[in-house]
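Position chain B relative to chain A; hints supplied.
2 protein chains.
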Amino acid sequence: MSSNQPSEGLTGRKIIYDEDGKPCRSCNTLEDFKFVTGKITGKPVGSTSSAKSTHHIPKTSKLIPGSKIYEKQDPPDVNELGKSTWNFLHSMAAKYPVNPSSQQKSEMNQFFNIFSHIYPCNWCADDFEKYIRENAPRVNSRDELGRWLCDAHNQVNEKLGKEKFNCNLWDKRWRTGWDE
Amino acid sequence: MSSNQPSEGLTGRKIIYDEDGKPCRSCNTLEDFKFVTGKITGKPVGSTSSAKSTHHIPKTSKLIPGSKIYEKQDPPDVNELGKSTWNFLHSMAAKYPVNPSSQQKSEMNQFFNIFSHIYPCNWCADDFEKYIRENAPRVNSRDELGRWLCDAHNQVNEKLGKEKFNCNLWDKRWRTGWDE
Numbered sequence: 001m002s003s004n005q006p007s008e009g010l011t012g013r014k015i016i017y018d019e020d021g022k023p024c025r026s027c028n029t030l031e032d033f034k035f036v037t038g039k040i041t042g043k044p045v046g047s048t049s050s051a052k053s054t055h056h057i058p059k060t061s062k063l064i065p066g067s068k069i070y071e072k073q074d075p076p077d078v079n080e081l082g083k084s085t086w087n088f089l090h091s092m093a094a095k096y097p098v099n100p101s102s103q104q105k106s107e108m109n110q111f112f113n114i115f116s117h118i119y120p121c122n123w124c125a126d127d128f129e130k131y132i133r134e135n136a137p138r139v140n141s142r143d144e145l146g147r148w149l150c151d152a153h154n155q156v157n158e159k160l161g162k163e164k165f166n167c168n169l170w171d172k173r174w175r176t177g178w179d180e
Numbered sequence: 001m002s003s004n005q006p007s008e009g010l011t012g013r014k015i016i017y018d019e020d021g022k023p024c025r026s027c028n029t030l031e032d033f034k035f036v037t038g039k040i041t042g043k044p045v046g047s048t049s050s051a052k053s054t055h056h057i058p059k060t061s062k063l064i065p066g067s068k069i070y071e072k073q074d075p076p077d078v079n080e081l082g083k084s085t086w087n088f089l090h091s092m093a094a095k096y097p098v099n100p101s102s103q104q105k106s107e108m109n110q111f112f113n114i115f116s117h118i119y120p121c122n123w124c125a126d127d128f129e130k131y132i133r134e135n136a137p138r139v140n141s142r143d144e145l146g147r148w149l150c151d152a153h154n155q156v157n158e159k160l161g162k163e164k165f166n167c168n169l170w171d172k173r174w175r176t177g178w179d180e
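Listed in order, the protein sequences are those of chains A and B. Residue 1 is where the first sequence starts when you use UniProt numbering, and the numbers rise one by one after that. Residue 1 is where the second sequence starts when you use UniProt numbering, and the numbers rise one by one after that.
Where hints are given, some of them may not hold.
Identical copies look the same in the list; a pair holds intra-copy or inter-copy alike.
[As the list claims (entries may be wrong)] Cut-off 25 Å, straight-line C-alpha distance, at most; resulting in silico cross-link-like pairs (BS3-like, lysine-lysine):
(1) Lys83 with Lys172
(2) Lys72 with Lys62
(3) Lys72 with Lys83
(4) Lys83 with Lys130
(5) Lys105 with Lys130
(6) Lys159 with Lys68
(7) Lys22 with Lys172
(8) Lys22 with Lys39
(9) Lys172 with Lys72
(10) Lys72 with Lys164
(11) Lys130 with Lys14
(12) Lys162 with Lys72
(13) Lys72 with Lys159
(14) Lys164 with Lys14
(15) Lys14 with Lys83
(16) Lys62 with Lys162
Derived by calculation from the structure, the hints in this document are not laboratory data.
Excised from the complex, chain A in its bound form (with noise of 0.2 Å):
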C-alpha cells in the first residue's frame, strides 16, 4: 500500500491491500475495490452526504466477445466469496458420514489446514488457521463436524457485528431443511 492510497472505503471498512501494494479484490467489498482503484467516487460512510447517494457502480454487463452466455462478471468480492465457501462447507459437513472411517477423519483435518493456508481472502485465512489452532476441527461425526464449523462460523458473525445462528438448528439448515 502506498501512502497516497486510502486506507478505508466508502462502506467504512479498512482497505486490504494484496504484498504487491494493490487492492485484494477477495478481501474487500466490490464497493471499497472500486472506490480505491478509482472505479467509482463517493464520499467514506459518515461524511455529510450518505455514500449511497454520491457514487456509482457502473454495471458490466456486457456479454464477453464471442460468447452467447458469458457476461463481463466481476470476480467475487468478499461477501461473495464469503457466502459461496459457507455453502459449500456446511454441505459439506451436511454429508460427512455419521461414521467416517479414521482415513475420511484424517482427510478432513487435512483439509481443513490447507484451506487455512489457500482461502482466497487472506485475512480471513489468517483468522480461520488461528481458530483452528486454538479449537481443532472435530471430525469424530457428522453431528461433531456439522456444530464445530456452525460454531467457527459464529465466531465470524460475531467479528462483523452478526446475530449467532443457533447451532442447534445446523442440521436442518444445511441438511434437512425445515419441513421434516
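Only chain B this time, still in chain A's reference frame:
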C-alpha cells in the same frame, strides 16, 4: 431408491438417491428434490402441459424462531452448490502464487485429491475424481492452475450442454476483472 420412487424429476433430470435410499439434496435441483419428496406436484418436462405452469415451490421465508435475521432457508441444491464452489475454487486459483513453493504445490495437489472425496454432490465428486486421475492438477504456477481449473469447469459445462468458457480469459473473470 425403492421401486415406487420416481427415477426422473420435473426438470427431466435423473433423480439421485443417497445410499440410505433418500433423495440427495446436494445432487438434485431443489425443484426435483421437492417433487420427489412430495412437497410439490407437477408433470415432468415433456408431458402435455409445461412443468412451469403445473407446480409451485412454496416459499419458506419465515424467520427461524428466536432469530431476527435468519430465515428458514433451504440447504443449497446441486446448482447453488456448484456455483458457490466454482466461486471458491476459481478465486483460490486467482490467489495462488505466481511462483509457488514445493509445499504450496504439494498442498494444492492434496487439496484437489481430498476435494474429490468430500464434495457433497457424490456423482459430481466421482466425475471430478475421474477427471483429475486423467488430467492431473497443474500446480506449477498461478496461470497453469487457473487454466487447468477453467478446463475442468468446461468439462462440466460440456456435460450440461452449456457453452465453454474461453480459458484465455480466466484471469479477467476471476482475478483482475474486465476494466484493466
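Quick rundown of the hints versus the structure:
1. Lys83 with Lys172: This pair counts as both: shortest intra-copy Cα distance 18 Å, inter-copy 21 Å.
2. Lys72 with Lys62: within (6 Å within a copy, 35 Å between copies)
3. Lys72 with Lys83: both (21 Å within a copy, 16 Å between copies)
4. Lys83 with Lys130: Classified as within: same-chain Cα gap 20 Å, cross-chain 28 Å, threshold 25 Å.
5. Lys105 with Lys130: Close inside one copy (20 Å) and across copies (22 Å); limit 25 Å.
6. Lys159 with Lys68: between (42 Å within a copy, 18 Å between copies)
7. Lys22 with Lys172: Classified as between; 16 Å across copies, 41 Å inside a copy.
8. Lys22 with Lys39: Close inside one copy (14 Å), not across copies (50 Å); limit 25 Å.
9. Lys172 with Lys72: between (36 Å within a copy, 9 Å between copies)
10. Lys72 with Lys164: Answer is between: at 15 Å across copies they meet the 25 Å cutoff, but 35 Å inside does not.
11. Lys130 with Lys14: within (20 Å within a copy, 43 Å between copies)
12. Lys162 with Lys72: between (32 Å within a copy, 17 Å between copies)
13. Lys72 with Lys159: Cα proximity of Lys72 and Lys159: across copies only (23 Å, versus 33 Å in one copy).
14. Lys164 with Lys14: Result: close within a single copy only, 23 Å intra versus 38 Å inter.
15. Lys14 with Lys83: Classified as within: same-chain Cα gap 20 Å, cross-chain 28 Å, threshold 25 Å.
16. Lys62 with Lys162: between (35 Å within a copy, 19 Å between copies)
Violated hints for the displayed structure: none, as all numbered hints are satisfied.
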